[in-house]
Structures are given as C-alpha cells and as structure tokens.
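**Student:** Next come the chains, spelled out residue by residue.
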Amino acid sequence: AQKITQTQPGMFVQEKEAVTLDCTYDTSDQSYGLFWYKQPSSGEMIFLIYQGSYDEQNATEGRYSLNFQKARKSANLVISASQLGDSAMYFCAMREAFADTGRRALTFGSGTRLQVQP
Amino acid sequence: DGGITQSPKYLFRKEGQNVTLSCEQNLNHDAMYWYRQDPGQGLRLIYYSQIVNDFQKGDIAEGYSVSREKKESFPLTVTSAQKNPTAFYLCASSNPDRASNQPQHFGDGTRLSIL
Numbered sequence: 001a002q003k004i005t006q007t008q009p010g011m012f013v014q015e016k017e018a019v020t021l022d023c024t025y026d027t028s029d030q031s032y033g034l035f036w037y038k039q040p041s042s043g044e045m046i047f048l049i050y051q052g053s054y055d056e057q058n059a060t061e062g063r064y065s066l067n068f069q070k071a072r073k074s075a076n077l078v079i080s081a082s083q084l085g086d087s088a089m090y091f092c093a094m095r096e097a098f099a100d101t102g103r104r105a106l107t108f109g110s111g112t113r114l115q116v117q118p
Numbered sequence: 001d002g003g004i005t006q007s008p009k010y011l012f013r014k015e016g017q018n019v020t021l022s023c024e025q026n027l028n029h030d031a032m033y034w035y036r037q038d039p040g041q042g043l044r045l046i047y048y049s050q051i052v053n054d055f056q057k058g059d060i061a062e063g064y065s066v067s068r069e070k071k072e073s074f075p076l077t078v079t080s081a082q083k084n085p086t087a088f089y090l091c092a093s094s095n096p097d098r099a100s101n102q103p104q105h106f107g108d109g110t111r112l113s114i115l
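Residue numbers (my numbering), protein chains in the order written: chain A, 1 to 118; chain B, 1 to 115.
Extracted from the complex, chain A is given alone in its bound form (with noise of 0.2 Å):
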C-alpha cells in the first residue's frame, strides 16, 4: 500500500521569501509519479508540478521546484519568492504505475496549510 506524508499542518512565510513544505512516501513500485496541488479556500485543486520516479533531475514551474530525493523517498516542494495568493492548503500526491489493475488514481497527503504574510 502507498502512502503520503506530510508532517506539516501549517507552515508561516514571509512575503518574497522561498519556502519549501515537506512530502514524504512509500512505494513498492519502482515506476511512479508524484504530483504537487494548491487548494485555495473557494475549493478547487490546482496542478502545480510533477516528477517522475525515473526523471533525473528536478521538475520546476515557475516558481515552483520540487525536491526528489528518490533514495530518502522524499519530494519537497520549493516556492520562491512568495506572494499573498499563494496563502492555501498544499497537497502531495503520488500514482504508482498499475498496470494490472488499471488503476490511475492518487493518493494524497494530508495536506500543509500555507500563510504568507506580508
């Protein structure tokens, strides 16, 4: 069974400063995706970025760059430069390669709430 942790309920940042919010997994599988969302309050999940298992180097998008440490089974998002909108839960989610079963869903991260604060 897969899962997602995120050890960080909320998280406080400075406007224009980076700040990085932790995702940690477990996986059998050797081929799998993990992908990063925004939730603001309204509600809607917003894809952010996305790193593959067999990808060597890190994603990025923008001001997003994710942190694949695949040996410490870790994938840390990095948002520099933060701005007021970015204020809004986070999650980590990750889909392994069912071949089988055909199953493409995710599994999410309980979430980190994000504050920038002006």
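Just so you know, not all the hints are guaranteed correct.
What the hints assert, rightly or not - Once the Cα atoms are required to be at most 16 Å apart in a straight line, the calculated EDC-like pairs of lysine to aspartate or glutamate come out as:
| id | chain 1 | residue 1 | chain 2 | residue 2 |
| --- | --- | --- | --- | --- |
| 1 | A | Lys3 | B | Asp59 |
| 2 | A | Lys70 | A | Asp26 |
| 3 | A | Lys73 | A | Glu17 |
| 4 | B | Lys9 | A | Glu44 |
| 5 | B | Lys70 | B | Asp30 |
| 6 | A | Lys73 | A | Glu15 |
Claimed, not checked - One-sided and incomplete, this derived list gives chain B residues near chain A with beta-carbon spacing under 8 Å:
| id | residue |
| --- | --- |
| 7 | Gln41 |
| 8 | Leu43 |
| 9 | Ser94 |
| 10 | Pro103 |
| 11 | Asp108 |
Keep in mind that the hints were calculated from the coordinates and are not lab data.
Predicted model only: the values in this text are computed from it and were never measured.
Backbone N, C-alpha and C fix where the C-beta goes; we use that ideal spot for every residue, glycine too.
Mind docking chain B on chain A? Use the hints.
**Tutor:** For chain B alone, coordinates are given in the frame of chain A:
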C-alpha cells in the same frame, strides 16, 4: 475552454434520502474519479472509471454508487446507507495511458451537508 463541471455547488440531504452529484467533462478524458475530502484532510478515492460502462470501487465506496453511461458524465449517488455524508466531493478526470505523468484535472467540488 475545456474543463470539469460539478453541480450543484452546495447540496443538502435529509435523513434517508439519496442524492446525486453531477460531474461532466469536455476534456475527452477516458478516466474519471470521485474523491471525498473531510475538513482538514486529504482526498480519499470513492470510485473510479477507466472507460465507459466500467467502474471500480475505491477506498471508501460503501454507501455510494456511480454510473458511467457516457464518456462525458460520471454521476455519484450518495445513498442513505452513507451515515456520515457531510463532506466536500471532488470529481476528476485524466488520460489513462500507462505513463504516470498525466495530472488529474478537478472540478470545483460539491459541498454536501445533512439537514
């Protein structure tokens, strides 16, 4: 613009009543999913469907039912057997190819409460 539409945004259920949450997508995705989110928690999988006329139970399927008669539509029924239905329900879709890098696209969710 392509996307996922969930309706209604808010829904109230009486004791012993079944209610149906709508999910429609125009992204031409084969796979669709229903998740439940409780306050302060992550999302948990209720049901998923990889193709029309086929669906599978997720981790918390008891008290729920689904149908997939059309590619675009994946309605979720919360039955009276679900004793604690108050939650935020999110529908998602994706391309179900064997690569794991396809993100799921989500609707805006339905908030269900007990009257």
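**Student:** Confirm or reject each hint.
**Tutor:** So, going through the hints one by one against the coordinates:
1. Lys3/A / Asp59/B: It holds: about 13 Å lies between the C-alpha atoms, which stays within 16 Å.
2. Lys70/A / Asp26/A: Given pair Lys70/A, Asp26/A holds - Cα atoms ~11 Å apart, limit 16 Å.
3. Lys73/A / Glu17/A: 26 Å, violated
4. Lys9/B / Glu44/A: 11 Å, holds
5. Lys70/B / Asp30/B: 10 Å, holds
6. Lys73/A / Glu15/A: Violated. Lys73/A to Glu15/A sits at ~29 Å, over the 16 Å cutoff.
7. Gln41: 6 Å, holds
8. Leu43: 4 Å, holds
9. Ser94: Since the shortest Cβ distance to chain A is 6 Å, the answer is holds.
10. Pro103: 4 Å, holds
11. Asp108: 5 Å, holds
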